[in-house]
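J.: Work out the full structure: start from the sequences and follow the hints.
Top line first, the protein sequences correspond to chains A and B. Everything in the first sequence is counted per the numbering used here, starting at 102 for the first residue and increasing by one. Everything in the second sequence is counted per the numbering used here, starting at 102 for the first residue and increasing by one.
In short, the hints are calculated from the structure, not lab data. None of the hints are false.
Calculated pairs, DMTMM-like style, for lysine to aspartate or glutamate (alpha carbon to alpha carbon, straight line, at most 20 angstroms):
1) A:K208 / B:D391
2) A:K135 / A:E159
3) B:K135 / B:E125
4) B:K110 / B:E248
5) B:K212 / A:E387
6) A:K212 / B:E387
7) B:K208 / A:D391
8) A:K212 / B:D391
9) B:K208 / A:D235
10) B:K156 / B:E119
11) B:K212 / A:D391
12) B:K212 / A:D235
13) A:K208 / B:D235
14) A:K212 / B:D235
If you're wondering where the values come from, they're calculated on a predicted model, not measured in any experiment.
Protein chains: 2
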Amino acid sequence: MRAGLIDGKAIAAEMRAEVRAEAELLTKEGWAPKLVSISVGDTAAAELYVRNQQKQAENAGVEFEARSYPNETSLEQLIGILQGLNGDPRVNGIIIQRPLPDHIPVKVLQKAVHPLKDVEGMHPATIGNIVYNDLALGPCTAVAAVEILKTLPLQMEGLNVTVIGHSEIVGKPIAFLMMGLGATVTVCHHMTRSVAMHSRAADAVFVAVGKPGLVTGDMIKPGAAVIDIGINRVETPEGARTVGDADFDSCAEVAGWITPVPGGVGPVTVATLMKNAVMATRMQMEHYRDAYARTEV
Amino acid sequence: MRAGLIDGKAIAAEMRAEVRAEAELLTKEGWAPKLVSISVGDTAAAELYVRNQQKQAENAGVEFEARSYPNETSLEQLIGILQGLNGDPRVNGIIIQRPLPDHIPVKVLQKAVHPLKDVEGMHPATIGNIVYNDLALGPCTAVAAVEILKTLPLQMEGLNVTVIGHSEIVGKPIAFLMMGLGATVTVCHHMTRSVAMHSRAADAVFVAVGKPGLVTGDMIKPGAAVIDIGINRVETPEGARTVGDADFDSCAEVAGWITPVPGGVGPVTVATLMKNAVMATRMQMEHYRDAYARTEV
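T.: Structure, rendered in structure tokens:
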């Protein structure tokens, strides 16, 4: 193996320390950051995930309230709950846990979260602000993947980047974020004629498709960075394992740097959620002051 | 010259006929489409442009009111004016003419236009909806450029597309729109190491930079489509001329199709504005009915 292994846990720990310091500052000003997580219906699948968020939040000095609603809760009721949270000054960020029951369209709920409390970075206005290069809450996974690349000794301006996967919440936001940093970005997907042609020309490859083994070493330019966003459970003779979208062994022979799965993008994603929580709290504090403190001017 | 010349005027005329038919339908339902254009300060530079929009609107059956405000108008006054127009059911679309005086930040005004009346497709929420592939009002120039490509006998899925220029209102939206159609998209800009490497690999090249002669024939793959969005005034021994960003003569020798400047993307952009006007009117009608007609259900 020639590639440097990127330590997502260490990057996440550093981010959490920054978040904790910011959370302390905000708390002193009367704005202790607080997240509310909304789960609906059978939440067993997501429970471990929510508990991990809770632990990370406490670790970062962010209050975390996990709410569970029964499967029968209607869309109207959920929107009402979100409107209540939007209007509650003690709540600074709202997380909508997936999966949701079939009768709840996730996009409608995401649009009902106020953009200033959209710590998951899913509201269309949030996405639009990223395109406009405005400082905004970004989709956590995409922001985490880009933050990881930024820790490497690479010049972002002019960097040739290939993104494999064009989902709205990962691939496309990575593309805008990297464009905003001055990279030359190509986005590939299942309709691309030759993914290898594009990935082999790239200084950095992001892959977020959900197919184990999709990217192999022969698709990577020697010395390039491979940021693997896939999380797949596969059965092996030694039992079930979690792997990414890149074939780790062959890519690690060729790449300059590679993220492991698990322990790469995953921990940084949760740390980004906490970073968004304190950013959202500060934005709300400033928005509040702008709105109410004008008489002092 | 081997390239087929793309006739923007003919494409625009066809779009205007569709718009006129839709405007007549809406008028019969009591929703005659109406645009309001806002100019601020010294408007001589934009006057010809506004008059052309007015003519095209009348031609398409869309009412057009051109308003001019003095240079001293404050940002607060303009936002108040926009809020009035947002709330006026007889106004279906708002156009903010550029340039604006220095004390008026264009983005603040664009955000003050209600997304349903955003016929120029500039609101962050509009951009976000495009990224999410929702049917929405798109930025006119970008939509026009893509509409032109769609008239050619090319399969959009898997098409290799290079966009030169990554502005928020042209290059980036072209990139998402083409991704939405299944193309593999690369976005180049002034920090790209070798634009030619990317443009030569593309089946279609969009260029929107504002530099005459930027794209030459040796940068184009034989048979590719060249969509030229640049509009530049240049001095020649025969007087001032309007040219695009592509060196027309050398590109036309190599390309399969090329848009002329003028007469290419320009007329289709104005037709797209009118198409947005009727789309906005229909969206407002449906929104109004959703909001007020629930008691009938």
